[in-house]
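A.B. asks: Okay, here's what each chain looks like letter by letter:
There are 2 protein chains.
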Amino acid sequence: MRIIKRPVLIATALWLILVVPIFPDEGLWPFNMPPTDLLKAGHRFTPESGWLSRLQASSIRLGGASASFVSGDGLVLTNHHVGAGAIQNLSTKERDLMQTGFYARTRAEELKCPGIEFQVLQEIEDVTGQIRAAEETGQNPAEAAAAREKSIASIEKNASEQSGLRCQVASLYSGGLYHLYKYKVFTDIRLVFAPEYAMAFFGGDQDNFTYPRYDLDVTFFRVYENDQPLPTTHFLPWAAQPVKEGDLVFASGNPGSTGRLLTLSQLEFLRDVSYPFMIGTNARRRALLAEYSEKGPDEARVALRTLFGIENSLKAIGGYQSGLLDPELMAQKAREERAFREEIAKDPEMAGEFSRAWEEIAEAQKSYATFFKPYAYFERGTGFNTHYFRIARSLVRLAAEKTKPNDERLREYRESNLASLEHSLLSPAPIYDEFEIVKLADSLTQLREDMETSWEVKCLLATRSPREVAAELVGGTKLKDVEVRKKYLQAKPEEIYLSTDSMIKLALLVDPVARGLRARHENEVASVEARNGARIARALFKLKGTSVPPDATGTPRLSFGVVKGYVENGKKIPFRTTFKGLYEIAEKNGNQPPYELAPRFLRKKSALKLSVPLNFVATVDSIGGNSGSPVVNRKGEVVGVLFDGNIQSLPNNFVYREDIPRSVMVDAQGIIEALLKVYEAGPLVDELLAKK
Amino acid sequence: MRIIKRPVLIATALWLILVVPIFPDEGLWPFNMPPTDLLKAGHRFTPESGWLSRLQASSIRLGGASASFVSGDGLVLTNHHVGAGAIQNLSTKERDLMQTGFYARTRAEELKCPGIEFQVLQEIEDVTGQIRAAEETGQNPAEAAAAREKSIASIEKNASEQSGLRCQVASLYSGGLYHLYKYKVFTDIRLVFAPEYAMAFFGGDQDNFTYPRYDLDVTFFRVYENDQPLPTTHFLPWAAQPVKEGDLVFASGNPGSTGRLLTLSQLEFLRDVSYPFMIGTNARRRALLAEYSEKGPDEARVALRTLFGIENSLKAIGGYQSGLLDPELMAQKAREERAFREEIAKDPEMAGEFSRAWEEIAEAQKSYATFFKPYAYFERGTGFNTHYFRIARSLVRLAAEKTKPNDERLREYRESNLASLEHSLLSPAPIYDEFEIVKLADSLTQLREDMETSWEVKCLLATRSPREVAAELVGGTKLKDVEVRKKYLQAKPEEIYLSTDSMIKLALLVDPVARGLRARHENEVASVEARNGARIARALFKLKGTSVPPDATGTPRLSFGVVKGYVENGKKIPFRTTFKGLYEIAEKNGNQPPYELAPRFLRKKSALKLSVPLNFVATVDSIGGNSGSPVVNRKGEVVGVLFDGNIQSLPNNFVYREDIPRSVMVDAQGIIEALLKVYEAGPLVDELLAKK
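In order, the protein sequences belong to chains F and X.
Heads up, the first sequence is in the numbering used here, so the first residue is -2 and it goes up one at a time.
Heads up, the second sequence is in the numbering used here, so the first residue is -2 and it goes up one at a time.
To be clear, the hints were calculated from the coordinates, so they are not data collected in a lab.
Hints may be right or wrong, so weigh each one.
Identical copies carry no separate label here, and so any pair may be met within one copy or between two of them.
Straight-line alpha carbon distances no greater than 25 Å define the calculated PhoX-like cross-link-like pairs of lysine-lysine that follow [what the hints assert, rightly or not]:
#, residue 1, residue 2
1, K181, K154
2, K401, K292
3, K154, K561
4, K483, K674
5, K399, K147
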């Protein structure tokens, strides 16, 4: 599913040789760079004035996913799998909302979700000139990057102070452009409606990234401000009719990352270094948590959400990787890169400026490969897989970083990010110690396998078992208590240094090496990629302008496409599924998991109009992070909510195609039908269908 | 001996009730606060114009000790035990200069001493007003201390930049006054002459801190600049005649620390917490090194200097402690404190300002007692007793501190101290790994005994023996190599963090807890002592002006006194000893260590005029740090060099007395006699006696 866990690729020689359309539906377009020409030429669509700005203002950015306002009272539509963390956090042994679903018949029943934050984009400003001006001639990549970071930090801080908004600079085209995004932030988020996990994720991991599908992957939240529902002037009206094949539709969301403009050496790095490690790590974690879930219903409940994330990642990354392992796809990438470079070589001026860019990026990959693993284990925390470590790390670093001037801090501790960080650090979401011990022990085992000669590993694990150490670490921390975290949030470094909390101590132990590796990554890899990525982008602009869309960066984007079935292995796949199909599949599988209907659906079958569409597909460009994106028609009305892509869409990470790849949506009409007939959620439907 | 290892006390009820003289020879006087009235009233001495400034300009400050220029060509007089570190560093298995002594007949033979630094005071400026102005009303002690430290840092930095001198603020009267000291620094120091250790330390540890004595505790260095002997405009001429009983003499040196103005609670802290720990630590180290020295001559040579320091400290601190354990001495201190406080209580205004000072200091002692041991082990490094750790700690901290603004750094890493720090870090003085392992292993053992529940200790010593860990730590460091240190000196923190050097890793491991404890000490103890010490000082100034001299602070001071024998247990102790006595003692002890004469002295006995004085005593006030102080007569001519105090002088740390306590000097005439007749060092004598 399309939450951010990084993208996948399954490629066949076949579809690489298919003809590329003249006006492809490609592109995850920033709202200040809409694909006006493409829409006009390809679809004869020119949005009315206000169309785009309303879509932007109704769209929501949240941790690695997307959502939208769908009523004037702050009602928010997203996916169940996007809201699952919050839903699971609200669950207990006695009341498992993942199992039962949830509907608040009155506003008083709506449940507050801790630690969540919604952001709504207000404005984008191009600050490329300002940031480029901070660089000085003759600086090496690391120095130039540091100069840019300082400039970015001060731009963000000033803009935040002036506007009161969350202001963040996004680097597009690997540093070819810098845009300042200003978000309004909401933190009082309450749960309104969630279906049963069984219905939201019907077909389970087995059907994840496949189509046809029959998932009611929706959840509704409501945004509050001052303890009142937020009066939303901008929201998306609900379409009265379902989509038809051939309809033009749009998705607005926050795609996390694509690699279409990556160089060949960067793709090879993913293929040879990064993905194998991520796949290996996720595979062992899946085995571990599956085993843990077997222990009993409590354990299963606690592990569910994490296990879903792991399985989702594993499938996604496995998909990307199989694409990168396909010699044909890489050959195509190599041809394209060669052609691009030959074009540059023809122009002596461009050749002088740009020709070394690919080599320098390739050298950076080589260097990165030498410390990728320690970087993953220590800086990214792969060796310390527990919430407690992440909390402790943030607290330890926050105290240290706060003593520095804003523009010298690590990015995530700058003033512009502090509110968000503190909000998440103070989340009272439950933590289950036994589960944390299991995860931590396994990650320590993995750490020791790969890093046994490291000083830190010897200190921790010289003679004791990872399980023993993990139990001691989890047993010796008080970070479960939000009040304790609050105290550390205010602490000076010297106070943190005197802590006897085991997780704080662990974070202190690994902080030097982690920071060292981070600096090395920034100096030897990221800054080199940024400098040369920007060079390549400038070459691209010279040759093609900005007709080539930038890669995804987790910022708000507009994409579009056509509702359309496809042919897979000679078999026609229709563009939509209906409730009828849902019941058929369940029956065919003996109503057994993962094709087991929630009892309510069994009871209410007769009330449902079975021909109502449930899911549909379109050529809309999307990637992990687009989960929860509202999908609207030409009039800007909600026709669905994006929740996945078919397996063939995963390679779109690197090469966009629209012959078979599809985004998968829950149909807006199916949502209404289920709410009315199965969940008897009349008031919610009234709110959705109310005319503004 | 009077190097700085902190002072001692042996007190008897008897001498506490002796009458205090009207004009005592008490006082370690700053050069800008000379005891003019006392000298005039007590000794009818008014120095000529230029007398004081010449003495100041001829005096040298070096690591915890004192010295002086004694020729126009940069020749420097100090003690052998002051120069012993340098002398031992120049020694090898083949050529043990401690054993054989050394004389450079020509300048070309003079031996460069690495890592030493001489400082010559140029100017003192009162900056009390400026620093007090940095405090703000309502600040707690820690905040006020931080504000003062910032002010001190910027004063030091500005003064250093303006003058090119080493500028350091000294806090007198516990913060009652702040004076800025400006030193010229010399780093090319070469060895000219040293006697045999046997002659310098005749009587050994047995006779240390006793009198009568027969020690030729002298060494001559020469200061070079641009590879040439420093032309010294200011130096002390050599007296033509020996002192007589009753002569007024002066010492100019750098006494390290006295506690005469300490409150009762501070004395109790020393007695109950600090001294017992220091004595225990030194006692185990003495046993360890004595054992190590037994292994063979090489081991003995390597351990000699360290063992001397430990024995010296042990004797000194043991002496102080026996004084503080004497109920009579403490009763006197209590009476004095009570009387002082009663006087303050009489004046309502003073009472309001000062009355709580003693209680607050007492509370700070209570707090300090709760973390004294971890502070000693982690911040002072008692748990990691090896040169390597000290080097690693400095390198790790230097890199981190250099990223901070000057006035926010730990004191020793401020710009004004960096040159000195770097000089010592780059000293090529030899380090002997096996010796380092022995010391480190024992300190780790001690650390584990006292701190076994600490996370850091568990990390290091969970299951392995201290000896094993020490061997691994010493074996895994490259810090012996000065070039390696040089590289780390230039490193950014992130580079240090990626080091795999075991000692760097160790320093990184303990740095957080050490910094935490240091901050705690500063916030809860030092700043409270400073605030209230300053209050007490202001009360003192109101009642007595500055007629009470400040305690020693390791800065240049002038003291004075009278050449005078004394009566000990009814026995008259003459003021001087001669070469005749030296030979008699040696003979009486069968010429066995520690009363064994160097072969040269046995051979040359007949050449010596045996009646020439060798050592003498005077009531001159002194304390550890005064070792090597030139002692001059009314004309400012060198009559001797201070090298010790008798055991009864140790309590002068807390209560000055002049009935029995004495400073002990090598007589200037004895030096000349030995140089000429025994060492045949004619050119050196010519240089010393040359008229300016």
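A.B. asks: Hints first: check each against the structure and report whether it holds.
C.D. replies: Structure-based check of each hint:
{"no.": "1", "hint": "K181 / K154", "verdict": "within (15 Å within a copy, 45 Å between copies)"}
{"no.": "2", "hint": "K401 / K292", "verdict": "neither (47 Å within a copy, 52 Å between copies)"}
{"no.": "3", "hint": "K154 / K561", "verdict": "neither (45 Å within a copy, 73 Å between copies)"}
{"no.": "4", "hint": "K483 / K674", "verdict": "neither (45 Å within a copy, 77 Å between copies)"}
{"no.": "5", "hint": "K399 / K147", "verdict": "both (15 Å within a copy, 19 Å between copies)"}
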